[in-house]
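K.L.:
Line order of the protein sequences matches chains H and G. Each number in the numbering used here comes from the position in the first sequence (counting from 1) with 6 added on. Each number in the numbering used here comes from the position in the second sequence (counting from 1) with 8 added on.
Hint data in this document are derived by calculation from the structure and do not stem from the laboratory. Do not take every clue at face value.
Computed list of lysine to aspartate or glutamate pairs in DMTMM-like fashion (alpha-carbon distance at most 20 angstroms, straight line) [said to hold, decoys possible]:
1. H:560 / H:470
2. H:154 / G:136
3. H:154 / G:84
4. H:274 / H:334
5. G:36 / H:481
6. G:36 / H:48
7. H:257 / H:334
8. H:154 / H:136
9. H:473 / H:564
10. H:223 / H:504
11. H:469 / H:484
12. H:257 / H:511
13. H:469 / H:564
14. H:118 / H:60
15. G:36 / H:109
16. G:10 / G:102
17. G:36 / H:217
18. H:226 / G:58
19. H:23 / H:133
20. H:27 / H:48
21. H:415 / H:467
22. H:118 / H:138
23. H:502 / H:470
24. H:240 / G:133
25. H:226 / G:133
26. H:118 / H:57
27. G:90 / H:214
28. H:257 / H:236
29. H:262 / H:389
30. H:578 / H:481
For reference, the chains in residue letters:
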Amino acid sequence: MIRDFFRVMVVDLTTGKTRLKEIPGRAEYLGGSGLAAHLFREFGHIDRDWDDPEQPLIFAIGPLTGYFPLMSKTCCAFRSPYHNQYTESYAGGKSALSLRFADLDALVVTGKAKRLTAVCVGSRLVDVRDVEYMRGFDAIQTGRVLRKIFPGSGRRSIMRIGPAGENLSAYACINVDTFRHFGRMGGGAVMGAKNLKAICVLGDRGFDLPEGKAYPKLYKHIFEQLTTTEMMAKYHGLGTAVNINPLNALKSLPWKNLQQTSSPEAEKISGETFADDTLLRNAACAGCPVGCIHVGFVREQFQTNNQYLYRQVGYDYEPIFSCGGMLEVTEAPEVLRILDVIEKEGLDCMSAGVALAWATEALEKGAISENETLEPLKWGDSETYMRAVEHLGRQDNDFYRLLAQGTMKCAKRYGGEDYACVLGQEMAGYATGEVFFVAEGLGFRHSHLDSGGYAYDQKHDEKDVDKALNFLLQDGRERIVLNCMVGCLFSRGVYKDDLLAEALESVGYGELNGSMEDIGRRVQRMRWRLRLEMGYRPDEVVIPKRYTEITTWKGPVDVDYMDALRRAYAAKIMEMGAPPEDEGTQAPLSTAKKTPS
Amino acid sequence: MKALRAARMERCIGCHSCSLACARQVHKVLSWNKAGIRISSSGGLSTGFEARVCLACHPAPCAQACPTGSLAQRRDGGVIQKRNLCIRCGKCAEACPVDAIFLDHLVNPYVCIHCGQCVPYCPHDCLELVDLPSREEEEGSDD
Ligand code: SF4
Ligand code: SF4
Ligand code: SF4
Numbered sequence: 007m008i009r010d011f012f013r014v015m016v017v018d019l020t021t022g023k024t025r026l027k028e029i030p031g032r033a034e035y036l037g038g039s040g041l042a043a044h045l046f047r048e049f050g051h052i053d054r055d056w057d058d059p060e061q062p063l064i065f066a067i068g069p070l071t072g073y074f075p076l077m078s079k080t081c082c083a084f085r086s087p088y089h090n091q092y093t094e095s096y097a098g099g100k101s102a103l104s105l106r107f108a109d110l111d112a113l114v115v116t117g118k119a120k121r122l123t124a125v126c127v128g129s130r131l132v133d134v135r136d137v138e139y140m141r142g143f144d145a146i147q148t149g150r151v152l153r154k155i156f157p158g159s160g161r162r163s164i165m166r167i168g169p170a171g172e173n174l175s176a177y178a179c180i181n182v183d184t185f186r187h188f189g190r191m192g193g194g195a196v197m198g199a200k201n202l203k204a205i206c207v208l209g210d211r212g213f214d215l216p217e218g219k220a221y222p223k224l225y226k227h228i229f230e231q232l233t234t235t236e237m238m239a240k241y242h243g244l245g246t247a248v249n250i251n252p253l254n255a256l257k258s259l260p261w262k263n264l265q266q267t268s269s270p271e272a273e274k275i276s277g278e279t280f281a282d283d284t285l286l287r288n289a290a291c292a293g294c295p296v297g298c299i300h301v302g303f304v305r306e307q308f309q310t311n312n313q314y315l316y317r318q319v320g321y322d323y324e325p326i327f328s329c330g331g332m333l334e335v336t337e338a339p340e341v342l343r344i345l346d347v348i349e350k351e352g353l354d355c356m357s358a359g360v361a362l363a364w365a366t367e368a369l370e371k372g373a374i375s376e377n378e379t380l381e382p383l384k385w386g387d388s389e390t391y392m393r394a395v396e397h398l399g400r401q402d403n404d405f406y407r408l409l410a411q412g413t414m415k416c417a418k419r420y421g422g423e424d425y426a427c428v429l430g431q432e433m434a435g436y437a438t439g440e441v442f443f444v445a446e447g448l449g450f451r452h453s454h455l456d457s458g459g460y461a462y463d464q465k466h467d468e469k470d471v472d473k474a475l476n477f478l479l480q481d482g483r484e485r486i487v488l489n490c491m492v493g494c495l496f497s498r499g500v501y502k503d504d505l506l507a508e509a510l511e512s513v514g515y516g517e518l519n520g521s522m523e524d525i526g527r528r529v530q531r532m533r534w535r536l537r538l539e540m541g542y543r544p545d546e547v548v549i550p551k552r553y554t555e556i557t558t559w560k561g562p563v564d565v566d567y568m569d570a571l572r573r574a575y576a577a578k579i580m581e582m583g584a585p586p587e588d589e590g591t592q593a594p595l596s597t598a599k600k601t602p603s
Numbered sequence: 009m010k011a012l013r014a015a016r017m018e019r020c021i022g023c024h025s026c027s028l029a030c031a032r033q034v035h036k037v038l039s040w041n042k043a044g045i046r047i048s049s050s051g052g053l054s055t056g057f058e059a060r061v062c063l064a065c066h067p068a069p070c071a072q073a074c075p076t077g078s079l080a081q082r083r084d085g086g087v088i089q090k091r092n093l094c095i096r097c098g099k100c101a102e103a104c105p106v107d108a109i110f111l112d113h114l115v116n117p118y119v120c121i122h123c124g125q126c127v128p129y130c131p132h133d134c135l136e137l138v139d140l141p142s143r144e145e146e147e148g149s150d151d
């Protein structure tokens, strides 16, 4: 089943036709991140904007997806509406196993439908439907209707967008199976631009496994490691929300649009508080026994006389930082209520929270007025923020239209760039210091997951540019290998290169033994090359002033060190993304460059 | 005689580890359907999860419907499966009152044989093997 080639389904929404293609390259690209970039080379266009109907939306899984625990994610790649360059985003839910059991290594959607459309693909099914009646449906409602119109309950994944995606917000997300998201970089808008409301992937096949004991034995071994190690207990127990208290103690918790890096109030929205007061249950991506998804609940009185309704809202560290701390909303249920609205609108919660934090400060400082915000945004005022999220999703005026394209774009028009917390994209929740700010500011994915810069900051107070740079590159490369397998990054302590090689061997695909590091390097270069070809200039990246004003456990941020690291990393990216000498197989797409719109 | 019970499904996180384990170890396939236990949400993930699994009926309607003896009654409830006798008519799945038999596209039936191999793979201890009360011989039973 792990083949030398990739089996790829290509859906063309313009014609309504679907093709299956067999594309060689397993040994060079492995899968996931590598496969997606490779497919972008085949189907993408360097010389056309992100919303050109011909640009592809790509979903790719890895060779071991479904075969081993935590090989449970999907890589989604596209030209981003946020910066008009190549990008990728990761999510789990049931998306990865559904693709595996649909017998697809990747799904590529090209073209643009005339009317709003939903697509269902499976191993023996392709169904393209007009769902114009769903226009404006929120993400939850959309899921509910789709469950009725497509088959396969329990063995399918439903990916869909809310109003923000339809309205082409640059950080509209793709909701996957209710509690997971292709969050960052605007995949939702790419679907919106294609008039694609939803994709259902039906995983309805099974595959023979190798005879013998080696595979089940190795599975058991890995399963045990992943379900008993301490590292995993953290994700399962309080979940990533466990980070609030330690980051607060380290003065590394972004607070009130990063005016502060800690607050005595943080305890009220800590992982512990969420667990005690709002946690309803855990959930998992299919194929992952860890179950890090934390579902909280809020109840709301909607009428006097004890008439209540309740909602279930997923939470994690990042949503709490962005819609809690950044907005100084310090009651757990209120954070969940804001997140619930963001979920329905179909926005990335990190970007939405950070954007509203900037808007609050800009309002406070007089850069904008209530004419723009339409609401009296005020730190801690969740009701107002909930309404603002709706304005943002629906782009109710020019201000929100621009804010939905990115905080920095808005700040450029209205003023307040100094305190826009943008590192490539609206920041992730780690005010840990220089290495992280550079890592995210120049990072490929503009989340915090390219490399563990945030962890490096927490462990190192020396200021050694070479050492930090080496860490970013090496850690980045190791993560790329896991991104090609499309394993969950939480499992990176367990899935080292040797174990991955052993796992491939056990299912009869030992050919990649020893070449894992080469693949990591190749994919790293290929991804940067795509970005550079689309106009990325890492040497021109600016880290906003706010980041130079903060203090962490190491003291004030060292601007010179940060700058030196920024320049060194930018130079390295240019080098990695330079046209290859030794990769003659890679025909360049086109040399025409586009500047971001 | 033992039977598998999905006794604590309120705890289920939807990881499919159980069905993947059954498919892998009992049926030697990679699948989340071709298994004695299948997990589905009970209408969207916010409603929790259900297990489709054999209830160990006695008499077992699927065995009664099977024309070839491929599914035979187990002594205290549930069925014994002999794959080589199956003609893939699909009658068993039709007869199961709780949709516990999965038919793949080639009409191969997959049904729980109450071996318990899935149990240790459930990280939330949702599943257990219990002793079935032993039954009298045929005449004394209630069919
Ligand atoms: S499909 Fe096979 S097991 Fe089921 S009733 Fe028919 S012969 Fe019996
Ligand atoms: S008890 Fe055995 S046959 Fe039944 S579901 Fe579990 S592993 Fe499969
Ligand atoms: S292994 Fe347990 S928690 Fe996972 S799906 Fe099965 S019953 Fe649910």
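K.L.:
Next, verify each hint and record whether it holds.
P.N.:
Evaluated hints:
Distance hint between residue 560 of chain H and residue 470 of chain H is fulfilled; the C-alpha atoms sit about 14 angstroms from each other, no more than 20 angstroms. With a C-alpha separation of about 32 angstroms, the suggested pair residue 154 of chain H and residue 136 of chain G falls outside the 20 angstroms cut-off, and the hint is violated. For the suggested pair residue 154 of chain H and residue 84 of chain G, the alpha carbons sit about 38 angstroms apart, so the restraint of at most 20 angstroms is broken. Taken as a hint, the residue 274 of chain H and residue 334 of chain H pair is honoured in the structure, with Cα atoms around 11 angstroms apart against an allowance of 20 angstroms.
Note on residue 36 of chain G and residue 481 of chain H: the hinted pairing is violated, with a Cα-Cα distance of about 36 angstroms set against a maximum of 20 angstroms. A threshold of 20 angstroms between alpha carbons decides the hint, and for residue 36 of chain G with residue 48 of chain H the separation of about 36 angstroms lies outside it, so the pair is violated. With a C-alpha separation of about 16 angstroms, the suggested pairing of residue 257 of chain H with residue 334 of chain H holds against the 20 angstroms cut-off. Proposed proximity of residue 154 of chain H and residue 136 of chain H is supported: the alpha carbons are some 15 angstroms apart, at most 20 angstroms.
A threshold of 20 angstroms between alpha carbons decides the hint, and for residue 473 of chain H with residue 564 of chain H the separation of about 16 angstroms falls inside it, so the pair holds. Taken as a hint, the residue 223 of chain H and residue 504 of chain H pair is honoured in the structure, with Cα atoms around 16 angstroms apart against an allowance of 20 angstroms. Of the supplied pair hints, the one linking residue 469 of chain H and residue 484 of chain H is violated, its CA atoms being roughly 23 angstroms apart against a limit of 20 angstroms. For the hint pairing residue 257 of chain H with residue 511 of chain H, the CA-to-CA distance comes to about 45 angstroms; that exceeds 20 angstroms, so the pair is violated.
Between residue 469 of chain H and residue 564 of chain H, the direct Cα distance comes to roughly 9 angstroms. Compliance with the 20 angstroms bound is thereby established for this hinted pair. With a C-alpha separation of about 8 angstroms, the suggested pairing of residue 118 of chain H with residue 60 of chain H holds against the 20 angstroms cut-off. In summary, the hint linking residue 36 of chain G to residue 109 of chain H is supported, as the alpha carbons are separated by about 17 angstroms, within the 20 angstroms threshold. Between the alpha carbons of residue 10 of chain G and residue 102 of chain G the distance comes to roughly 25 angstroms, so the proposed pair goes past 20 angstroms and is violated.
For the proposed pair residue 36 of chain G and residue 217 of chain H, the alpha carbon gap of about 8 angstroms is at most 20 angstroms, so the pair holds. With a CA separation close to 25 angstroms, the supplied pair residue 226 of chain H and residue 58 of chain G exceeds the 20 angstroms bound. Using a Cα cut-off of 20 angstroms, the hinted pair residue 23 of chain H and residue 133 of chain H holds, with the two alpha carbons roughly 10 angstroms apart. As the CA atoms of residue 27 of chain H and residue 48 of chain H are separated by approximately 12 angstroms, the hinted pair is consistent with the 20 angstroms bound.
Of the supplied pair hints, the one linking residue 415 of chain H and residue 467 of chain H is violated, its CA atoms being roughly 34 angstroms apart against a limit of 20 angstroms. Restraint check for residue 118 of chain H and residue 138 of chain H: the C-alpha separation of about 14 angstroms stays at or below 20 angstroms, so the hint holds. Between residue 502 of chain H and residue 470 of chain H, the direct Cα distance comes to roughly 27 angstroms. Violation of the 20 angstroms bound is thereby established for this hinted pair. This hinted pair checks out: residue 240 of chain H and residue 133 of chain G have alpha carbons roughly 19 angstroms apart, not beyond 20 angstroms.
The hinted pair formed by residue 226 of chain H and residue 133 of chain G meets the criterion: a straight-line CA distance of about 17 angstroms does not exceed 20 angstroms. Between residue 118 of chain H and residue 57 of chain H the CA atoms are separated by roughly 10 angstroms; this keeps the pair inside 20 angstroms, and the hint holds. For the given pair, residue 90 of chain G sits about 19 angstroms from residue 214 of chain H by alpha-carbon distance, which is consistent with the 20 angstroms threshold. Between the alpha carbons of residue 257 of chain H and residue 236 of chain H the distance comes to roughly 25 angstroms, so the proposed pair goes past 20 angstroms and is violated.
Between residue 262 of chain H and residue 389 of chain H the alpha-carbon distance is near 17 angstroms, which keeps this suggested pair within the 20 angstroms criterion. Taking the CA atoms of residue 578 of chain H and residue 481 of chain H, the gap is about 14 angstroms. The hint holds against a cut of 20 angstroms.
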